[in-house]
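**Student:** Spelled out from the first residue to the last, the chains are:
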Amino acid sequence: MTPAPAATGTAIGMSGLTVRFTTRRSQTTALDNVSLDIEPGEFVTIVGPSGCGKSTLLKIVAGLVTPTSGEVSLLRRPVRGPQKEIGFVFQKAALLEWRGARANILLQAEMRGMDRTTAARRADELIEMTGLTGFEKALPHELSGGMQQRVALCRALLHSPPVLLMDEPFGALDALTREQMNAELHRIWRETGTTVVLVTHSIAEAVFLGTRVVVMSPRPGRIIRTFPVELPAHRDYAQVMSDPRFDRLATDLRGLLGSAAANH
Amino acid sequence: MTENSLDTAGRRAADQTGGARAAASGPESLAAPEAADSATSSTAVAPPPGGGRPPRPTLGRRAVVFADSLWRPALVLAVFFVAWWFVAAREYVPNYLVPTPGQVWETMTTQWSELARHTVVTLYETVLGFVLAAALGLVTAVAIAYSRTLDKALYPIVLFAQVIPKIAIAPLLVVWFGLGLTPKIILAVLIAFFPVVISGVAGLRSTDPELLDLAATMGAGPWRTFRKIRFPNALPHLMAGLKVAVTLAVVGAVVGEFVGASEGLGYVLLLANGNLDAPLLFADLILMSAIGIVLFVLVEIAEALLIPWHASRRAGVSLTTS
Ligand SMILES: Nc1ncnc2c1ncn2[C@@H]1O[C@H](COP(=O)(O)OP(=O)(O)O)[C@@H](O)[C@H]1O
Ligand SMILES: [Mg+2]
Numbered sequence: 004m005t006p007a008p009a010a011t012g013t014a015i016g017m018s019g020l021t022v023r024f025t026t027r028r029s030q031t032t033a034l035d036n037v038s039l040d041i042e043p044g045e046f047v048t049i050v051g052p053s054g055c056g057k058s059t060l061l062k063i064v065a066g067l068v069t070p071t072s073g074e075v076s077l078l079r080r081p082v083r084g085p086q087k088e089i090g091f092v093f094q095k096a097a098l099l100e101w102r103g104a105r106a107n108i109l110l111q112a113e114m115r116g117m118d119r120t121t122a123a124r125r126a127d128e129l130i131e132m133t134g135l136t137g138f139e140k141a142l143p144h145e146l147s148g149g150m151q152q153r154v155a156l157c158r159a160l161l162h163s164p165p166v167l168l169m170d171e172p173f174g175a176l177d178a179l180t181r182e183q184m185n186a187e188l189h190r191i192w193r194e195t196g197t198t199v200v201l202v203t204h205s206i207a208e209a210v211f212l213g214t215r216v217v218v219m220s221p222r223p224g225r226i227i228r229t230f231p232v233e234l235p236a237h238r239d240y241a242q243v244m245s246d247p248r249f250d251r252l253a254t255d256l257r258g259l260l261g262s263a264a265a266n267h
Numbered sequence: 478m479t480e481n482s483l484d485t486a487g488r489r490a491a492d493q494t495g496g497a498r499a500a501a502s503g504p505e506s507l508a509a510p511e512a513a514d515s516a517t518s519s520t521a522v523a524p525p526p527g528g529g530r531p532p533r534p535t536l537g538r539r540a541v542v543f544a545d546s547l548w549r550p551a552l553v554l555a556v557f558f559v560a561w562w563f564v565a566a567r568e569y570v571p572n573y574l575v576p577t578p579g580q581v582w583e584t585m586t587t588q589w590s591e592l593a594r595h596t597v598v599t600l601y602e603t604v605l606g607f608v609l610a611a612a613l614g615l616v617t618a619v620a621i622a623y624s625r626t627l628d629k630a631l632y633p634i635v636l637f638a639q640v641i642p643k644i645a646i647a648p649l650l651v652v653w654f655g656l657g658l659t660p661k662i663i664l665a666v667l668i669a670f671f672p673v674v675i676s677g678v679a680g681l682r683s684t685d686p687e688l689l690d691l692a693a694t695m696g697a698g699p700w701r702t703f704r705k706i707r708f709p710n711a712l713p714h715l716m717a718g719l720k721v722a723v724t725l726a727v728v729g730a731v732v733g734e735f736v737g738a739s740e741g742l743g744y745v746l747l748l749a750n751g752n753l754d755a756p757l758l759f760a761d762l763i764l765m766s767a768i769g770i771v772l773f774v775l776v777e778i779a780e781a782l783l784i785p786w787h788a789s790r791r792a793g794v795s796l797t798t799s
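Protein chains in written order, with my numbering: chain A, 4 to 267; chain B, 478 to 799.
It is possible that some hints are incorrect.
[As the list claims (entries may be wrong)] Looking from chain B toward chain A, a few residues come up when the C-beta cut is under 10 Å (computed): (1) L691; (2) A692; (3) A693; (4) T694; (5) M695; (6) A697; (7) T702; (8) K705; (9) P709; (10) N710; (11) L712; (12) M716; (13) I784; (14) P785; (15) W786; (16) H787.
Source of the hints: derived by calculation from the structure; they are not laboratory data. Where is the CB? At the ideal position from N, CA and C, for every residue including glycine.
Isolated chain B (complex conformation):
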């Protein structure tokens, strides 16, 4: 190395001013001492000193952010409840059609143990259906994304499984598999499968072709390339698909219960309908929605943990509860 080269001189100058300064002004200044004074402004994209990441938010700060994201939906819900209560209490609509929130609450508390049992059944069917759909969907997506032959062979089947009306095949499934959990889980899988496949294929295909070229020159086999490049790259797409899938899985389970069941929230709904028991019907609907919301939030939390790098990029664009 010669001493009069621009960069060497710059490096020595930077060394003298110490590491903190070097980190703050960025490497651009190391190579260009004459630009060192303006380096902080010229490297506007450069992150702050100390590892180049914004500091982690404190617990208190996060609580504030959480509260901030919650008050709007809470307000809308409050308005909705007041309207409901007003309409029902003044009997603008007869109570056997729309019960008051109080009546629903009473039903919910007095019949809680029964309702909880049915909720657990539906929850079980939904979760199992969702997990199976996610696993099957991912395997199918990988097969489709990796093989042209399998793409041609599987895509029509996947599409067929999607377009066939699930309600229409529910009775058939009950005939085949009886009144147990099996037909409900199959329906949940069938309905939740499609978004997982579509999002998985889109994600796996979105890999930068140059990265794949690079992987080839690194001598890595297909498994390593999948694990280190293609799969993590597909995760944001895939998680979006899983969020849709989990809400659809609830629908699948309930449709299955409609057709033939002796337990579960769908079964309770039919029962309440038959008895014109509006409070029970409303309580049941609330529990069904609760299952969907809770599972959706769980998938969102999993997303935040799995792909924090992605969440940090769209910070501020809040479409959802997080």
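Only chain A is shown next, with the shape it has when bound in the complex:
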């Protein structure tokens, strides 16, 4: 497969995003003046201590949360209300427990009113690609955590979205499954050319997957630094882990995250 041609202009534009949540008893500033431009085809990974507003940031891009101030654009259109041109994957697979794997993937098509035959063909392609073959009818509780997350990923990719948002998608998986999922996600990204924004707690995951790593400060969340990842576009898990450039970047990130937490 050929990667999608690199379009010009930003896929996601954020400028001066500030979010304040006001509850009955208190006011929290979840994000403070966050600006970030993401090019089409980029794979941006976001790391930061928990509670620093990473989920909120993704939800703003998806149009599920309205920022207190600042501007967001998706595919060069301002974000107003929930966006349809995205695929979203959460930490929990969030599957419909009464539907089999394939039917769960096809929920995307039904909700969008997509053409049935096209959607079915695409679902079978994705099932094949993620190795879910043989489990099409299995209900979520009959699947392992890794397979549930594969179903969620297929569902997010069914309509071939130009932008994929992932909020700690592999956070609940064991280390081995997680590495496999990372390798698969990397391959899918390479093949589809989708713009991906992925939030993670794992430094290894952030470096292995990202073309750019964004580090955020503890609440109120600000972007401390962004690191370009100087690794080949096509990566192999074992090779990357033994690459000195991986080590250097991982050490830098660990230091930055550690000092950020200590200063808090």
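With the hints as your guide, set chain B with the ligands onto chain A.
**Tutor:** Below, chain B with the ligands alone, put in the same frame as chain A:
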């Protein structure tokens, strides 16, 4: 795609061993050839091959399961009948208070056509009351779950309708609507309504907020989200409420008949009481319970058909007849 990537190599290895093997060892092994040997054990949660579902039980096997679930209550009932028969036959209690099972059986058979007519009346009131309560309750639950304003406006009314003693308003209903079926059906609705609303609201509110976020990014309107996500998600709660409601609907109908009626099992009960006709009274009680049990089982069957996915999850936790 490059040939030396882990997963591609794994996929080719799996292809060579054939589809059956792939299905048996699970996708985990496709992405990790080095783990293929231990894949069957590492994917312990993985279902068996062939569609990933346990095989459907055969008819014979199901009959065995059914018999197995039945013998315990049957035994308890048998003990109860023997005790009853013993107490009544030895006249530890006078027969005009507790008749023997034989006397009740005789009454039941000799007056069967009369009893059947009254049973049908009560059954009709109960079913109609239950169906109306289910429909009204569901609509109310949807209104409450979807709108904060309606929640604030309706909840107090629903609660009021619940706490007001039904027996106390039964005479009023008879004054308003006469001796016909209407007051009985209204009472059945009033009494069966509450559990439907409460369970419906709980079910509709239990939807995973992330699923609702997801639905929003799928561009689906509220109706589609309701039909495909929120309503099916609420069904297990709702069915539990309907089971309570159907047994309460019988109570409502009978209370209505107590206050003023010329037919129905409640009416027969008062009559039998007045005549000190203990066998008829007992036969009547048995028929009332039978209505409740039969309707309850019907709702359970509907539940098993509507939400098999839910029943399969709590298999082995048998609280009821199924
Ligand atoms: N809907 C909300 N209402 C009030 N506070 C919220 C809401 N969503 C998030 N927050 C608060 O905003 C902060 C950032 O949350 P979140 O984006 O989930 O962080 P992260 O994903 O980085 O762990 C947290 O302190 C959280 O409590
Ligand atoms: Mg989060």
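**Student:** Now, for every hint given, state plainly whether the structure supports it.
**Tutor:** Going through the hints against the structure:
no.	hint	verdict
1	L691	holds, 6 Å
2	A692	holds, 6 Å
3	A693	holds, 4 Å
4	T694	holds, 5 Å
5	M695	holds, 4 Å
6	A697	holds, 4 Å
7	T702	holds, 8 Å
8	K705	holds, 6 Å
9	P709	holds, 6 Å
10	N710	holds, 8 Å
11	L712	holds, 8 Å
12	M716	violated, 13 Å
13	I784	holds, 7 Å
14	P785	holds, 8 Å
15	W786	holds, 4 Å
16	H787	holds, 7 Å
The structure is inconsistent with hint 12 alone, although it conforms to all the rest.
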